[in-house]
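J.: If you're matching positions, the sequence shown starts at 1 in the numbering used here and goes up one per residue.
Where hints are given, some of them may not hold.
Straight line, CA to CA, 27 angstroms or less: simulated DSS-like cross-link-like pairs of lysine-lysine [said to hold, decoys possible]: (1) Lys-185 / Lys-167; (2) Lys-208 / Lys-185; (3) Lys-150 / Lys-125; (4) Lys-167 / Lys-208.
In short, the hints are calculated from the structure, not lab data.
As the structure is a prediction and not an experimental result, all values here were calculated from the model.
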Amino acid sequence: MYIPNHFSEADQARIGALIHDFGFATLISTLTDGLQVTHAPVQYDQARSVLIGHLARANPHAAALQDGTSLLAIFHGPHSYISPAWYIDENPRVPNVPTWNYATVHVTGTITRIDDDVAKWNIVKDLAAQYEAGSSTPWDPHSLGAHASKLGAIVGFEIAITKIEAKLKLSQNRSVQDQESVIAKLATSTFSEVRATGEMMQENLARK
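When you get a sec, could you build the whole thing from the sequences and use the hints?
T.: Below, the structure is given as structure tokens:
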């Protein structure tokens, strides 16, 4: 991933929070006949430095999840179009142009395939618990036995992380007044993802 220095993010806590909050990943494997791509939720066990998830066994990608094979997981945070009209600063010799602000994390690692029913059930329960948190009517998973017939239809996996790259392109190459102006514009949007981009920009400014 192309990451200019001013957009590079090395704070592991911040990276972990981004993966946690935007855990619906794009999973990419390279096969002899091309790429396999799947979109699936995964969890990040930061203490063990692994990603954990599962796929439908009927998904052709599941056959590629063999021990020791490589996989790339891409996490997309909030993003938004940025209009040059929102900037305060303007160099008449180098006019401002449109751009896009975004946050993304690329995680590369090696696969451990999981076919054990108990382990797969724990993956499903843990993932559901993360997204059920705060619900006034959370799902009761009952016991493994109640769902045993379904577990054969999925393949679990862990990705032992070998590399993490994080890019937060949040107008850090612009002046503070330009960043504040962009944040103010994003805050007026009716789209939650656009407002979230502005909130991330505000958080970034506050860290300076």
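J.: Could you run down the list of hints and mark each one as holding or not?
T.: Hints, one by one, checked against the model:
1. This hinted pair checks out: Lys-185 and Lys-167 have alpha carbons roughly 22 angstroms apart, not beyond 27 angstroms.
2. The straight-line distance between the Cα atoms of Lys-208 and Lys-185 is roughly 21 angstroms, inside the 27 angstroms bound, and the hint therefore holds.
3. Note on Lys-150 and Lys-125: the hinted pairing holds, with a Cα-Cα distance of about 13 angstroms set against a maximum of 27 angstroms.
4. Using a Cα cut-off of 27 angstroms, the hinted pair Lys-167 and Lys-208 holds, with the two alpha carbons roughly 17 angstroms apart.
In this structure, every one of the numbered hints holds.
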